[in-house]
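Asker: Given next are the chains, with one letter for each unit.
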Amino acid sequence: MHALVVDDSRAMRSILTRILGEAGFDTVSQAGDGQEALDLLAASSGLPDIALVDWNMPVMDGLTFVSECRSNPEYRRMTLMMVTTESEQGQIVRALAAGAHEYVIKPFTADAIVDKLEILGITATQV
Amino acid sequence: MSISATDFNFVRDLALTKAAIVLEPGKEYLVESRLTPIARQIGVQDASALVQRLRRGGEAQLQAQVVDALTTNETSWFRDRHPFDALGKFMIPELVEARRATRTISIWSAACSSGQEPYSIAMTLLDVPALAGWNIRITATDLSAEMLARAREGHFSQLEINRGLPATHLVRHFERAGTGWRVNEQLRRMVTFEPHNLLNAPPLGGPFDIVFIRNVLIYFSPATKSEVLAKVRRALRPDGFVVLGGAETSLGIDDQLVRTEIARSSVYRLKR
Ligand SMILES: C[S@@+](CC[C@H](N)C(=O)[O-])C[C@H]1O[C@@H](n2cnc3c(N)ncnc32)[C@H](O)[C@@H]1O
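Protein chains in written order, with the working numbering: chain P, 1 to 127; chain Z, 1001 to 1272.
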């Protein structure tokens, strides 16, 4: 299983990478903003099973990244989960409408991420 | 200072007689950590001093508070998922047929803790179009007054919300409230919360078509499990369903309840 973490905070990227690793993902790629993530996707052969995406990032924000992914048929099989401090109801609605499948509000615990993966039917080697 | 063996035994008896909860030897640390905050709150020195006070008797409210503190209230939204799939895809469709005449379904969520289970049941039912216009009654009960108050209030922190609630359900059934979220009126009105001890006769609102009694039997002795399941059975309609927790079974405890394999969950029905 392969995951992509898109967040401008290096600390947050490593926390999520560790949680995903413990949840059984073999590969976790990282990008510091939406554009970097799109470049990474374009350059790599395999598609990640899921991307965990922050909202507020420089260059390209997470909502734009989600919309971009949804407008590209090649990325349709990739599950998108926002992981962000943005916590207004309207923002969650916007993200879901743009094509995000799930939404986790920071701060979160590792269990919360694992629960969401389960909701999405994404269970890695563990279980 | 760790609590003495006599103090531990006193608390153990209390948990057993008031809530049927079995505290194994070795759980001294648990007793102490759960009692210390109460000791502080009432202004006595430590857990032992609190037990002294209980020993003198006549403090029903303090006693209830201590029993409350000894219960484990861990819960989450759509816990274990499968039971809720089974509810929406199998149990409810069958009942929609069977209850065509009355268009009424009664569900009991026993030992509901802070309410995630009954609200998850309510959200599942709202997703079944065939139930539009039906009379749905969800009775949710728990021993803990504190948990019931929280459940009734319907306010959950962001951390609690993150535990298993799908984002689509969050935006549909909740409203932002301070730093947390509150269940909306529609959901709130579907559930009636009542105090209830599983050792007593079933609550009002029965007989029930479905009883969720999950992750509570594990705290009881085999004899108490039988006793509780027998009461549940008597509160159940003949074609009803009983849903137990993932680690629980009626096997060897109640031979009148037999497991039916539905959506990988522990669903039981009355033996025919
Ligand atoms: C671990 S929670 C289970 C919550 C929920 N059913 C679930 O599966 O997520 C156990 C609950 O059982 C309640 N409880 C313990 N002993 C009880 C008793 N004798 N009668 C009623 N409730 C009891 C506790 O107060 C606690 O809220």
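Please note: incorrect hints may appear among the correct ones.
Among the chain P residues that face chain Z by a calculated CB cut under 8 Å, a handful are [said to hold, decoys possible]:
1. Glu88
2. Glu102
3. Thr109
Everything labelled a hint here was simulated from the structure, so no lab data went into it.
In this text, a Cβ means the ideal position worked out from N, Cα and C, and glycines have one as well.
Asker: Now tell me, hint by hint, if it's right for this structure.
Answerer: To see whether the hints hold, each was checked on the structure:
no.: 1; hint: Glu88; result: 7 Å, holds
no.: 2; hint: Glu102; result: 5 Å, holds
no.: 3; hint: Thr109; result: 7 Å, holds
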